[in-house]
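Letter by letter, the chains look like this.
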Amino acid sequence: MNNHYPKKTVQVPTFNTYRETDAGKPLVLDVRNLGIDFGGLTAVDSFNVSLGPTEICGLIGPNGAGKTTVFNLLTGVYQPTRGSVLVNGIDTKGMSASKVTKLGIARTFQNIRLFTDMTVLDNVKVGMHNQIKCAFLSSTLHLPSYYAAERKANQRAMELLDFMGLAELADQKAGSLPYGVQRRLEIVRALATNPSIILLDEPAAGMNPSETTELMHQIRRIRDTFHIAIFLIEHDMNLVMNVCETIAVLNYGRLIAKGTPEEIRQNPQVIEAYLGKEDA
Amino acid sequence: MKKTLLNKNSRTNLITYLVVIVAFAVMQTLSSQGKLGSAVTGYLVPVCCYIVLAVSLNLLVGICGELSLGHAGFMGVGAFSGVILATMLKDSIPSPVLRLVLAMVFGGVLAGVLGFLIGIPVLRLQGDYLAIVTLAFGEIMKNLIGNMYVGMDDSGFRLVLATAKPKLIGKGHKWILSGAMGITGIKRISTFAVGFGLVLFTLFVVLNLINSKEGRAIKAVRDNRIAAQSVGINVTAFRMKAFVVSAFLAGMAGALYGLNFSSLDASKFNFNTSINILVFVVLGGMGNILGSVISATVLYILPEAMRGLRDYRMIIYAIVLILVMLFTWSPKVKEYTSVLADRCKRMFSHKKEAAVK
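As you go down the protein sequences, you meet chains A and B in turn. My numbering applies: residue 61 is where the first sequence begins, and numbers increase by one. My numbering applies: residue 171 is where the second sequence begins, and numbers increase by one.
Here chain A stands alone, though its shape is the one from the complex (with noise of 0.2 Å):
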């Protein structure tokens, strides 16, 4: 029921956004005049993207703009009053946002979010839940298969960790960490859960300048080592220009612009949308 719609490819050059090498491959993220009412307040509407499968699109915007209530329709947090969203060709209308994240979409939040009383490595064990093959009796009774489970879950957790280079830090409490490091290890748990697309709310938000170019330098070698989409909410104007292929400008919950950094820098309407209109 969920797949009578028509798939849609990847299409280069449409609006000349696309990078070549996702030509032809399916989308992972198709997003389809999508709204939401809080009761008489229209918080977003007619919001279209989507995304290939190895794109890096930032989605900017005043304050208030409605953000990251795009992100949290597009992981069913909110139900949608209009409009669908497909992650990997699927429609998740109706489904709750844990069903949602198995669909391969993964996010980080703006407050930080992370499971603060327990360690950083397990942190990264619960985003690998569904990854996890152990029956619920194998876990209660610890049978063979749960300590086969378990190697394979640090293993994979351990590798994951030393790729955002946060190793050694695996028996640390994750309350206790500064604030870059746990942004970084909410990244770690979402890349944890295999996700073909992975969205990050504001993700330098208290990073000081180094912190964040090492950030862009991870971002991008996110993409390029796991082969995933990544959707970013940033304020940085400097991250989003250096690092994403695409940008979509929302105000009001509208989106009013939709392009390449080039395209984004020189439109007049974000340029109103942020600094004001001219006088005349």
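In short, the hints are calculated from the structure, not lab data. Take every hint as true, because none was put in to throw you off.
Once the Cα atoms are required to be at most 27 Å apart in a straight line, the calculated DSS-like pairs of lysine-lysine come out as: (1) B:Lys515 with A:Lys233; (2) B:Lys502 with A:Lys233; (3) B:Lys504 with A:Lys233.
Keeping the supplied structure of chain A fixed, place chain B upon it in accordance with the hints.
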């Protein structure tokens, strides 16, 4: 890497098992040599029951982060169903240990099934609401059992809900459970050894669960619901798992408890009992399993041992509770103990160095 991983968790687990086993060995040798008074011998099985209840409630309150005020309800369900089963099987199964184990499993399963049914509506609620509904559940169970008549006659099993004792029907009819009067003339088949077995089983299940994929998911739901959902964890399913396992273990403990006394009535499983178990968990430390074991033991024996003091014992009990709370939560005391621990460590390492030299 593997070393550090194995150590921390398994070390605390090992200590927990060791403490329990050593305590059992000591009590068992003492009682076999007849050195324990009859009063102390009488505490052994109830202590086992309360340890199991505290540990199972800790799974729900400490690990899963859900406040339940109806744990005595599950205990009561397990107690009555277990005793009824044991009474009915008196003739067909001569071995008391086997009968006890069967009664415990039956009590546990019934409590677990009830926990599942209650869980369907209850686990949609959060925080205070869950506490209120479980509180109501405990009271409903108490009153339901208090108005329930269960008996047997030639044609089989009978269950009547009534406020007054129904007339006997059929040949050879005998009431086992008669409403507010409860069950009398129970054959006491609970033993300390089986109680110890149940404690070990509970520790095994709960500690294993905590250190597995399921346990991590349960803790994740406690720490951050939305984040848990965002990594693909079905929040309701894992709250349900913790709830049912907790109810199952409480039911088993209830059956053991019921078969330890010659008479049993529903008023025992009231709000006070639920709160007592919760006190064991809170004072032992949320999520700290060994803490629950120790606090259940000490706090059960304390008021019993002070029976001679009559009315003053509850005052002393309350003072002890306040002192324990101060000692475990006060930052000054914590600082002091950490300094003390440091000093001990230093002394120990000095000795080691000296020995090396």
